[in-house]
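Peer 1: Model the full structure from these sequences, guided by the hints.
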Amino acid sequence: MDVRFSIDRTSPVPLYFQLSQQLEAAIEHGQLRPGTLLGNEIDLAGRLGLSRPTVRQAIQALVDKGLVVRRRGIGTQVVRSQVKRPLELSSLYDDLEAAGQRPATRVLDVTQLPAPPEVAAALGIAEGTGVQRIERLRLTHEDPIAFLRNYLPPPAAAPSRPDLEATGLYRLLRAAGTTLHSARQSIGARAATAEEAALLTEPPGAPLLSMQRTAFDDQGHAVEYGTHLYRASRYTFELQLLIRS
249 MDVRFSIDRT SPVPLYFQLS QQLEAAIEHG QLRPGTLLGN EIDLAGRLGL SRPTVRQAIQ
309 ALVDKGLVVR RRGIGTQVVR SQVKRPLELS SLYDDLEAAG QRPATRVLDV TQLPAPPEVA
369 AALGIAEGTG VQRIERLRLT HEDPIAFLRN YLPPPAAAPS RPDLEATGLY RLLRAAGTTL
429 HSARQSIGAR AATAEEAALL TEPPGAPLLS MQRTAFDDQG HAVEYGTHLY RASRYTFELQ
489 LLIRS
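Note that this note's numbering has the sequence shown beginning at 249, numbered continuously upward.
By construction, these hints were calculated from the structure, which means they are not laboratory data. Only a predicted model underlies this, so the values are computations on that prediction, with no experimental measurement involved. Treat the hints with caution; some may be incorrect.
[Said to hold, decoys possible] Computed beta-carbon distance windows for the label pairs:
1. Asn288 x Val358: 47 to 53 Å
2. Asp256 x Arg419: 37 to 43 Å
3. Gly453 x Gly297: 26 to 32 Å
4. Ala442 x Ile290: 41 to 47 Å
5. Asp256 x Ala442: 47 to 53 Å
6. Pro362 x Asp391: 33 to 39 Å
7. Asp291 x Arg419: 42 to 48 Å
8. Pro301 x His469: 55 to 61 Å
9. Asp411 x Ala446: 49 to 55 Å
Beta carbons are placed, not taken as given, at the ideal position from N, Cα and C, and that holds for glycine.
Peer 2: In structure tokens form, the structure reads like this:
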């Protein structure tokens, strides 16, 4: 494990919390990749000049978040990082790339079909109008985190599979001349079906975060409708709230 930690003994922040936060940051930014061994508590404590209980408490905080596991006979091992995404009109691909998460895309299906009622209402078009449906699996460090289903209204044409695998949908829409201006979004949660669980490597019935979003251009026209599912064990939304006095 070639990561440097800075422990400030004069800080009011507890030592275990300083260590756990720095370890979490190293995991999130890919410095400690899944499968990396942190070493045992005695070695880590000696290297950092900390007590073993302090190191144990820091590692337990990561275990509780599902970032590392303790394996008998092996030691503490990184298993995954959690994606923290700001709640704003941005592409998941761009957010992951900015966070150093090495995003990748597996295109599952690109097809044209008549717009079902929910899709037609979201896009403001007549039911049965032909729309492009794009289904993708988004991965970080080869680990799936989201199942993405997007609908594009006419006259938009679906980007090619190679383009969808190379970058994010919003980036492709902008490159095609679409000005993304605003969006209407709702967030919820539900249990994974057997098919969804298999795609996201979760057990059937595992909790998933759900998101429905309609994006609009600068003329107020709906240009995309998405229904996305995220692994709750790997994903959180972050937002900033203003307090009114």
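Peer 1: All hints, please: hold or fail.
Peer 2: Taking the hints in turn, this is what the structure says about them:
no.: 1; hint: Asn288 x Val358: 47 to 53 Å; in the structure: holds (48 Å)
no.: 2; hint: Asp256 x Arg419: 37 to 43 Å; in the structure: holds (40 Å)
no.: 3; hint: Gly453 x Gly297: 26 to 32 Å; in the structure: violated (45 Å)
no.: 4; hint: Ala442 x Ile290: 41 to 47 Å; in the structure: holds (43 Å)
no.: 5; hint: Asp256 x Ala442: 47 to 53 Å; in the structure: holds (49 Å)
no.: 6; hint: Pro362 x Asp391: 33 to 39 Å; in the structure: holds (35 Å)
no.: 7; hint: Asp291 x Arg419: 42 to 48 Å; in the structure: holds (44 Å)
no.: 8; hint: Pro301 x His469: 55 to 61 Å; in the structure: holds (60 Å)
no.: 9; hint: Asp411 x Ala446: 49 to 55 Å; in the structure: violated (26 Å)
Hints 3, 9 from the earlier list are contradicted by this structure; the remaining hints agree with it.
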